Amino acid sequence: MSNLDFEPFYDFLHQELDALSVDKPTLTINPAYEQAQSKKQRRSLRKFLEVLKMPVPSPKPTFAGETDYINTDLLPRVIIEPEFLFDFDDKQKKKIAFNLDVDPEDKQNILLNATFHNGYVGQANLSLVHLEKELSNIMHGDRSKRLEHSPLFKDAIGNMLREFTYNYRARGEMFIQLGVQYEMSAGLGIIRDTKTDQDVGTFESFFYRTDAKDKSEYIIGDVILSGRTEKDLEDVRRFVYYFFDLNEGRIYSIEPVKWGTTQHGEVTDFSIKLHDVNIHIENMEDDHPKLELVRQAQETKSVIRSFKADPLFDEEFQRFKEPRMALIKSSQESAKKQKMVNMFADIDL
0 MSNLDFEPFY DFLHQELDAL SVDKPTLTIN PAYEQAQSKK QRRSLRKFLE VLKMPVPSPK
60 PTFAGETDYI NTDLLPRVII EPEFLFDFDD KQKKKIAFNL DVDPEDKQNI LLNATFHNGY
120 VGQANLSLVH LEKELSNIMH GDRSKRLEHS PLFKDAIGNM LREFTYNYRA RGEMFIQLGV
180 QYEMSAGLGI IRDTKTDQDV GTFESFFYRT DAKDKSEYII GDVILSGRTE KDLEDVRRFV
240 YYFFDLNEGR IYSIEPVKWG TTQHGEVTDF SIKLHDVNIH IENMEDDHPK LELVRQAQET
300 KSVIRSFKAD PLFDEEFQRF KEPRMALIKS SQESAKKQKM VNMFADIDL
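So the sequence shown is residues 0 to 348, counted in numbering that gives the first Met the number 0.
These aren't lab readings, by the way, just hints derived from the structure by calculation.
None of these values were measured; they are calculated from a predicted model.
Honestly, I wouldn't trust all of these hints.
Unchecked claim - Pairs of lysine to aspartate or glutamate, EDC-like flavour, derived with a Cα cap of 20 Å:
1) K94 to D210
2) K93 to D275
3) K328 to D231
4) K257 to D234
5) K144 to E133
6) K300 to D268
7) K214 to E182
8) K153 to D100
9) K93 to E216
10) K230 to D275
11) K94 to D213
12) K272 to D210
13) K93 to E80
14) K144 to D154
15) K92 to E162
16) K212 to D88
Construct the entire structure; sequences and hints are all you get.
Below, the structure written as structure tokens:
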């Protein structure tokens with residue numbers, strides 16, 4: 000193995016500089032950078048020099064039987080693009096910065112560190128061998144590709160972001176990755192009329208997504224109503240949508256900021272598409288009064304989709320609705336009882 004400086008890459012560097020119409024360097028690469036006059040040339044050369052800060056293995060040995068290798072001292076100088084999370088608390092994007100370092104206890108283990116906006120630090124372990132392979136592919140293959148776009152880095156970064164968002168949901172804080180489509184369907188959604196303090200409908204799923212341009216889409220999927228109409232739901236200050244997620248054991252409170260549109264549902268007559276909502280999270284207790292009915296409703300969900308084009312769909316749909324209507328009826332009866340209690344409590348004996 001030969002520990003390289005930059006000499007083996009000079010031929011390659013000269014080709015790049017010829018394309019940029021700048022003089023070739025003789026001793027260092029810095030003068031070449033200074034001689035690149037136009038902004039376009041400077042940007043192109045800067046990206047190229049960032050790659051050359053780290054020697055990487057070549058498919059062709061530099062010397063007979065030898066291969067170049069990474070100078071790990073230069074790892075902290077590698078520039079990695081940041082990622083962003085959307086924070087539902089203040090509706091702002093939060094930046095996550097990344098850097099590389101060497102594990103002081105194992106030189107073959109490379110540490111990819113993620114520093115989040117609130118000081119939380121995530122860490123992923125990368126094999127030096129795998130890192131060398133990715134760098135080699137970039138240097139000697141597609142030089143327009145960035146290191147963080149490789150499968151090795153995308154998987155490591157994705158896992159750290161998912162771990163962060165999942166852990167903070169347990170604390171009641173909601174973050175999502177930009178450009179990622181999320182779905183909640185293992186459970187049941189309940190629509191509550193805050194004016195009458197009773198449940199008036201159900202929904203089967205909740206899809207949500209926010210992209211880098213701050214365009215958001217939230218879909219309340221497959222709505223069933225009792226005693227209310229689609230038109231009634233347009234009063235966004237009156238209705239709240241709760242999704243009981245059986246996978247996570249959490250309740251998501253979805254409050255529309257403004258009304259959106261309706262569209263045809265997968266199973267029921269309609270779904271609701273919104274573009275701005277507030278979301279709050281609470282843990283679902285094992286003895287929650289609605290939990291058993293939610294579980295019963297979930298059991299019928301997979302069955303009804305298979306009957307969509309079946310002549311027996313109407314009959315199966317009634318079985319599908321039963322636990323949902325039972326849940327709504329239970330809420331309405333509780334609301335009536337509470338109203339009676341309040342009425343007698345107001346009587347001055």
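Query raised in the report: What hints, given by number in increasing order, does this structure fail?
Result: none
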